Amino acid sequence: MCGMTISLHRDMPEGRTFAGAGAKPRAPSGSIRGRLFTKYVALFVVVVGIALLCNGVFEAILYYRQHKAALIRIQHHQAVAAAARIGHFVKEIEGQLGWTVQLPWSAGSIEQRRFDALRLLRQIPAITELAQVDSSGKERLRVSRLAEDVLDSGLDLSNDPKFTEAMAHKVYFGPVYFRRESEPYMTLAVAGSRKDAGVSIAEVNLKLIWDVISQIKVGQHGQAYVVDAQGRLIAHPDISLVLRNIDMSKLPQVQAALAGNADGDENFEGAKNIQGRQVLTAAAPVSPLPWIMFVELPVEEAYASLYTALGRLAAVLLAALVFAMLAGMFLARRMVGPIQVLRAGAERIGGGDFSQRIAIGTGDELEGLANQFNDMGARLQESYADLENKVELRTRELSQSLQDLHAAQDRLIQTEKLASLGQLTAGIAHEIKNPLNFVNNFSAVSSELVEELTDAVKAAHVDGKMREEIDELTAMLKGNLEKIVQHGRRADSIVKNMLLHSREGSGEHRAADINAIVEESLNLAYHGARAERPGFNVTLERAYDPAAGTVDLYPQEITRVLLNLISNGFYASGKRKARVGDGFESTLRASTKNLGDQVEIRIRDNGTGIPKDVREKMFNPFFTTKPAGEGTGLGLSMSHDIVVKQHGGRIDVETEPDAFTEFIITLPRTLPAQTDTGGRP
Amino acid sequence: MRRREFLSVLGAAALLGSKADAAPRTYRLAAMNPAFPMPEGSPFGDIIIKAMAKYGYVVGQNLIYDSLCPMGDVAKIAPMLAELKSRGADAIIIIGYPTAVAAKAIGIPIVAAVGLGDPVATGLIQSQAHPGGNLTGISDVAAMLSTKRLSLLKELSPKLRKVAMLWNKDDLGMTQRYATSAKSAEAMGFSVQALGVAEPDDFEEAFAAMKAEHPDAILMVTDSLTNLNRKRVFEFAAARKLPAIYEYDFLARDGGLMSYGPDIGESFDRAAALVDRIFKGANPGDLPFEEPTRYPLVVNLKTARAMGLEIPPNLLALADEVLE
Ligand SMILES: Nc1ncnc2c1ncn2[C@@H]1O[C@H](COP(=O)(O)OP(=O)(O)OP(=O)(O)O)[C@@H](O)[C@H]1O
Ligand SMILES: [Mg+2]
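Respectively, the protein sequence lines represent chains D and G.
The first sequence begins at 474 in this note's numbering and counts up by one.
The second sequence begins at 2 in this note's numbering and counts up by one.
These aren't lab readings, by the way, just hints derived from the structure by calculation.
Only a predicted model underlies this, so the values are computations on that prediction, with no experimental measurement involved.
Hints are supplied without guarantee of correctness; some may be wrong.
[Stated by the list, open to error] Pulled from the structure, derived: some chain D residues nowhere near chain G, Cβ distances all over 10 Å:
#, residue
1, 637
2, 958
3, 1130
[Unchecked claim] Quick partial rundown of chain G residues pointing at chain D, CB under 10 Å, derived from the structure:
#, residue
4, 129
5, 135
6, 140
7, 151
8, 152
9, 271
10, 288
11, 289
12, 295
13, 298
14, 311
15, 315
Each residue gets a CB set at the ideal place from its N, CA and C atoms; glycine is no exception.
Based on the provided sequences and hints, a complete structural model is requested.
Shown next, in the form of structure tokens:
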């Protein structure tokens, strides 16, 4: 696993943004990583931990057993040794007593025996009282620390077990008894090897065993004690316990020992001692007495080293577990790391970053998986690019269609607007026509009447000054009337135009030579303009397509359209000339072109051009930029109606301010079906 | 295994290693001998301090030793015990029956070391095994020992017929001891000259009585009164060449002819052991009375020679201590 490289996180800075929503699903990634990671670590730790734990527990149990066995063995040895010391203590007394029964009663004086007995008391502090009995069982001598010496008391002990037992077995150990209910005593009787030596009976103060028992060291806080065959405490380091004459047979360890297990390796674990402490007890018989030596050690002390060892074991186990955890983390990181890289890579690819490449160099299945991911990314990237191109294409097509649709819609709206305006103007014009006729007629008549008045005044006799005044007044009246007539005529022409605009039908339609119609209109307009303004001058250019042929149309209407367009051109170029000066040559050019089933007519001037704001409104009825009283603003409106509605053609304009304006009329060769009757809607 | 359990195991292991010792405490031990003072530096005081040292109590470190002495004035015993108590004594070692009687009411642990007599017989306690109350200590079978002492006197002077007994008749324990001794003396065939004394002035009277009646030996029952006047008794006995036996070894060492009785050193040693138990929290009423085990026979050969008295070799051979 040494060649592994994980480059995703290092190569890609965190701040990098992805196409689309690529960065969005990053939020839960931490927890996902955490889960997998902790799962791996936990699994590892559990597996290693169980192995360690099993081993540890096994070892601990083994150690515990061994330790306990050793402990029991040691304690038992201690008990045996302690028992031996007690046994030795008693044996020594027994041996000393033996000296007093060496000689037969027949030998030596009783005084000498008394002296020897007193010396024995001096030597052995444990003996409080010593009696000597002859072979017949008669007490011959008694010496005591506390009482007067007695010689030949005559006391018959021949049936006393002290005597009989000692005679029979050479030595007799009496039961333990308590003087004044507290001091433990025992009768020890020894018979001489010779029959006639008699028996020495000693009362032994067992309190002196205390010197022995208190010197027996059992651990640090352990102790040894001795119990007699009845379970009574006869020796204990705490002498006050002995003096209290305590019955120990209630303690389970003492019970078991009294029942005969004293010599067994049995260890009374955890039983409480007389002070209520939990102790480990071992027992051993005290030969030659029917006593039992107990050696006890507080459980805490006995097991202290065990606990230390177990604690050490636990520490080692803990350390091993920590190590396992670290190792688990390390391995899991090695395992989870590439998976993590894979996941992050897949996430980025999923987020739309197809250029993402996952770099894993572990040389195993994971690397294979990463390569497959990379292939997938490349494939996705290709198809994505393809798709994008197609979408772009379609979008362009769609926007084109939309634009077309908008244009059509605009035209339709314009057409509708113009149609309704046409009807309105027709109504208005008709209503205005009659009053206007009155105005025109009566102003003409009034003009004549003023002339008649002038004549009449000439004939009358009127003084000079008066005449002058009358002449002046009549002249003014006449002038006013002329103005009324002039403007009346103008209003009349507006109304006529309006009526023309709205008039239904305009003669017959027929197939007409388009070049001829254009030429006719051009001439008409030119001469009209010259007639109107004598200084008028313009260069006419003609570019007729011989193949223009004929078009089915209403010649009268189309002529009107052409006339209007041409006169507009004259006006515009004239206006430009007026502004620029003499160097300028007004030019107007008329051209035709065969477009197959359509014919195109172009009228181009080199005039002022049409600014954008004007272009937007110039097809509206009554829109004009000419000074008041000069233009009606109905020309282009009417032309549009005729070309578009009546003939199903198109009227377009191309213009550039201070350069040129070119109107383009495109007419179908045949009239559309709905306008076949020649009526305008 | 969970971490917490691990830690607890470790903690237990650590605890086993370092068991905290109880804070060292200084104890105050008082002592009262009604007969003669036993402060630090005096023979008895030093015996007590040495015995206490065996159990780990060192004056100036963890022990304060305090003592008072009424100099034989029985009336002063109770107030002095109260004084010792008010000075903060944790336990008082006492000597003598009257002190024990006064101390029983005081309420702090009392350990009687010497000279108590038979406490069950005098009604100080109910039983040796379970004394009850605030009193424990070393019981003294001195009364019983009288026969032994008388027999030792007889050993010294086989012609012994009449023995003078000197005791404090105001002391119930001593009176009892005298009564027992007198009874056993009579049982042994001796006549007894009873010389009960109540105050130092009575001694002259007693000496006069002895001069008149010519006893063969003296047996002195030791209490604070007789003890305070011991030298007068020694001198009288020496002057009259009267064999005398005393109860305690220190009396023989002090000039008495001989003594037979419990080992004072052992008694104080055991008393110190009981004090130790009491300091460690034991209730004195639960601590059984102990009996002495050793009864040394001490013979003062110097005194004997001064009196021109021949000590039989057998007696000398049996003596535990011979002062020359
Ligand atoms: N060739 C052109 N050059 C510059 N402006 C033009 C041209 N043709 C039309 N226009 C502008 O369009 C406006 C509208 O023209 P339209 O023919 O409808 O009315 P008019 O010519 O002003 O009046 P009328 O036709 O009644 O004399 C004109 O006022 C002018 O501003
Ligand atoms: Mg016009």
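Comparing the hints with the structure gives:
Non-interface call for residue 637(D) relative to chain G: holds, since the shortest CB-CB distance, roughly 30 Å, exceeds 10 Å. Under the 10 Å C-beta cut-off, the non-interface status given to residue 958(D) relative to chain G holds; the minimum distance is some 123 Å. No beta-carbon of chain G comes within 10 Å of the beta-carbon of residue 1130(D); the shortest separation is about 92 Å. Here the hint on residue 129(G) is kept, as its CB sits about 4 Å from the closest CB of chain D, short of 10 Å.
With 10 Å as the threshold, the beta carbon of residue 135(G) stays out of range of chain D, its nearest partner Cβ sitting at about 16 Å, so the hint is violated. Among the interface hints, the one on residue 140(G) holds; its C-beta lies about 8 Å from the nearest C-beta in chain D, closer than the 10 Å criterion. At its closest, the beta carbon of residue 151(G) sits 7 Å from a beta carbon of chain D; the interface hint therefore holds under the 10 Å criterion. Because the smallest distance between the Cβ of residue 152(G) and any Cβ of chain D comes to about 4 Å, under 10 Å, the interface hint for this residue holds.
Hint status for residue 271(G): holds, given a least beta-carbon distance of 8 Å to chain D, under 10 Å. A cut of 10 Å between beta carbons decides the hint on residue 288(G): the least distance to chain D is about 5 Å, and the hint holds. A hinted interface residue such as residue 289(G) counts as satisfied when its beta carbon comes closer than 10 Å to some beta carbon of chain D; here the least separation is about 3 Å, so the hint holds. With its C-beta approaching chain D no nearer than about 6 Å, residue 295(G) sits inside the 10 Å limit, and its interface hint holds.
About 8 Å separates the beta-carbon of residue 298(G) from the nearest beta-carbon of chain D, less than 10 Å, and the hint is met. Because the smallest distance between the Cβ of residue 311(G) and any Cβ of chain D comes to about 18 Å, over 10 Å, the interface hint for this residue is violated. The criterion of a C-beta within 10 Å of any C-beta in chain D is met by residue 315(G), whose closest approach is roughly 5 Å, and the hint holds.
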